[in-house]
Amino acid sequence: TTPITSLPAQAWRTLELIEADGTPTRRGILFSFFQHGEGLAIAAALEDPEYPVAELLFDLANLRGGPRFSEEDAFDLGRLAACCQKAFRNADFEGYLRFGIPTDYAAGASEAIRNVVLHGLGKRQLLTPTLRLGDIERALLEWKSLLRHISHAPSYPWERWHSLQQAAARQLESD
Numbered sequence: 001t002t003p004i005t006s007l008p009a010q011a012w013r014t015l016e017l018i019e020a021d022g023t024p025t026r027r028g029i030l031f032s033f034f035q036h037g038e039g040l041a042i043a044a045a046l047e048d049p050e051y052p053v054a055e056l057l058f059d060l061a062n063l064r065g066g067p068r069f070s071e072e073d074a075f076d077l078g079r080l081a082a083c084c085q086k087a088f089r090n091a092d093f094e095g096y097l098r099f100g101i102p103t104d105y106a107a108g109a110s111e112a113i114r115n116v117v118l119h120g121l122g123k124r125q126l127l128t129p130t131l132r133l134g135d136i137e138r139a140l141l142e143w144k145s146l147l148r149h150i151s152h153a154p155s156y157p158w159e160r161w162h163s164l165q166q167a168a169a170r171q172l173e174s175d
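The opening residue of the sequence shown carries number 1 in my numbering; numbering runs sequentially from there.
Because the hints were derived from the structure by calculation, they are not lab data.
Misleading hints may appear alongside valid ones.
[Unchecked claim] 20 Å max Cα-Cα, derived EDC-like pairs, lysine to aspartate or glutamate: (1) Lys123 <-> Glu111; (2) Lys86 <-> Glu16; (3) Lys144 <-> Asp48; (4) Lys144 <-> Glu173; (5) Lys144 <-> Asp104; (6) Lys86 <-> Glu50; (7) Lys123 <-> Asp92; (8) Lys144 <-> Glu111; (9) Lys86 <-> Glu47; (10) Lys86 <-> Asp104; (11) Lys144 <-> Asp175; (12) Lys123 <-> Asp175; (13) Lys86 <-> Glu55; (14) Lys123 <-> Glu137; (15) Lys86 <-> Asp48; (16) Lys86 <-> Asp76.
[Claimed, not checked] Here are the computed distance ranges between Cβ atoms for each label pair: (17) Leu172 <-> Thr14: 28 to 38 Å; (18) Gln166 <-> Arg114: 16 to 26 Å; (19) His119 <-> Thr23: 42 to 52 Å; (20) Pro129 <-> Glu19: 42 to 52 Å; (21) Leu127 <-> Thr14: 39 to 49 Å; (22) Arg98 <-> Ala9: 19 to 29 Å; (23) Glu173 <-> Ala9: 39 to 49 Å; (24) Asp21 <-> Gly134: 22 to 32 Å; (25) His119 <-> Leu172: 28 to 38 Å; (26) Ala20 <-> Glu173: 25 to 35 Å; (27) Pro67 <-> Thr23: 29 to 39 Å; (28) Arg124 <-> Arg13: 43 to 53 Å; (29) Leu127 <-> Glu19: 19 to 29 Å; (30) Gln35 <-> Thr130: 35 to 45 Å.
Remember, it's a predicted structure, so these values are computed and weren't measured experimentally.
Note that beta-carbon positions come from the ideal geometry of N, C-alpha and C, so glycine has one too.
Input sequences plus hints: build the corresponding full structure.
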């Protein structure tokens, strides 16, 4: 009559957050700097040496995008989602991943942020029948919050992590 549930240690091994002896992996250490699936996504993206940090910086907006940014017929979830699915093989872990992607992920948020921040497009130009001004403002706020979190997170001896921290700090200074 006892429900069968997986233990956290089993999930950590499945997601390659710890070694067989329980020692945290690089992915596990980076994951520990964040809440929910964000750390998993960031670690997976940094593990892809072909993923430019400058591109990842804006793709991070998708992590907290929410459902209003996802179009119903969107087939391309973006590079960040692809890194997650490759690293986590479509795993489902409640509150963290669904089909290998963080649960609050929405592919359209990064494009909105790029259009506003990089291209100087007015927020009102991005509105749709389902995407409202408050959604865009919230996405900008969440993105900046995540950049702040990254820039103030602990140091870790990995050049890609340092590059992301520095890029996040520079972006925040430019605003």
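Hints, one by one, checked against the model:
1. Restraint check: the Cα-Cα separation between Lys123 and Glu111 comes to about 12 Å, which is no more than 20 Å; the hinted pair holds.
2. At most 20 Å may separate the alpha-carbon atoms for a hinted pair to count; Lys86 and Glu16 meet this at roughly 13 Å.
3. With a C-alpha separation of about 23 Å, the suggested pair Lys144 and Asp48 falls outside the 20 Å cut-off, and the hint is violated.
4. Our distance criterion of 20 Å between C-alpha atoms is met by Lys144 and Glu173, whose separation comes to about 11 Å.
5. The hinted pair formed by Lys144 and Asp104 meets the criterion: a straight-line CA distance of about 16 Å does not exceed 20 Å.
6. For a cut-off of 20 Å, the pair hint linking Lys86 to Glu50 stands: about 14 Å separates their Cα positions.
7. Among the hinted pairs, Lys123 with Asp92 is inconsistent with the structure: their alpha-carbon atoms are about 34 Å apart, more than 20 Å.
8. Restraint check for Lys144 and Glu111: satisfied, since their Cα atoms lie roughly 15 Å apart, inside the 20 Å limit.
9. For a cut-off of 20 Å, the pair hint linking Lys86 to Glu47 stands: about 11 Å separates their Cα positions.
10. The hinted pair formed by Lys86 and Asp104 meets the criterion: a straight-line CA distance of about 18 Å does not exceed 20 Å.
11. For a cut-off of 20 Å, the pair hint linking Lys144 to Asp175 stands: about 10 Å separates their Cα positions.
12. Under the criterion of a C-alpha separation no larger than 20 Å, the hint pairing Lys123 with Asp175 is consistent with the structure, at around 16 Å.
13. At roughly 18 Å between alpha-carbon atoms, Lys86 and Glu55 fall within 20 Å of each other, so this suggested pair holds.
14. Of the pairs offered as hints, the one joining Lys123 and Glu137 holds, with about 8 Å between alpha carbons and a cut-off of 20 Å not exceeded.
15. Between Lys86 and Asp48 the alpha-carbon distance is near 10 Å, which keeps this suggested pair within the 20 Å criterion.
16. Pair hint Lys86 plus Asp76 holds up; C-alpha atoms about 15 Å apart against a cutoff of 20 Å.
17. For Leu172 and Thr14, the Cβ-Cβ distance of about 34 Å falls inside the hinted range of 28 to 38 Å, so the restraint holds.
18. At about 19 Å, the CB distance of Gln166 to Arg114 agrees with the hint of 16 to 26 Å.
19. Remark: the range hint 42 to 52 Å for His119 to Thr23 is upheld by a beta-carbon distance near 44 Å.
20. The beta-carbon spacing between Pro129 and Glu19, approximately 49 Å, falls within the hinted interval of 42 to 52 Å.
21. Between Leu127 and Thr14 the CB atoms are about 41 Å apart, so this pair conforms to the stated range of 39 to 49 Å.
22. Between Arg98 and Ala9 the C-beta distance comes to about 21 Å, which sits within the given range of 19 to 29 Å.
23. The beta-carbon spacing between Glu173 and Ala9, approximately 40 Å, falls within the hinted interval of 39 to 49 Å.
24. Here the CB-CB span from Asp21 to Gly134 is close to 48 Å, at odds with the stated 22 to 32 Å.
25. For the hinted restraint 28 to 38 Å between His119 and Leu172, the CB-CB distance of approximately 19 Å leaves it violated.
26. The supplied range of 25 to 35 Å is broken by Ala20 and Glu173, whose beta-carbon atoms lie about 42 Å from each other.
27. For the pair Pro67 and Thr23, the beta carbons lie near 38 Å from each other, so the given range of 29 to 39 Å is met.
28. Look at Arg124 against Arg13: about 48 Å separates their beta carbons, and that is inside 43 to 53 Å.
29. Our hint of 19 to 29 Å for Leu127 and Glu19 is violated, since their Cβ atoms are close to 48 Å apart.
30. For the hinted restraint 35 to 45 Å between Gln35 and Thr130, the CB-CB distance of approximately 27 Å leaves it violated.
Hints 3, 7, 24, 25, 26, 29, 30 from the list above are not met by this structure, while the remaining hints are.
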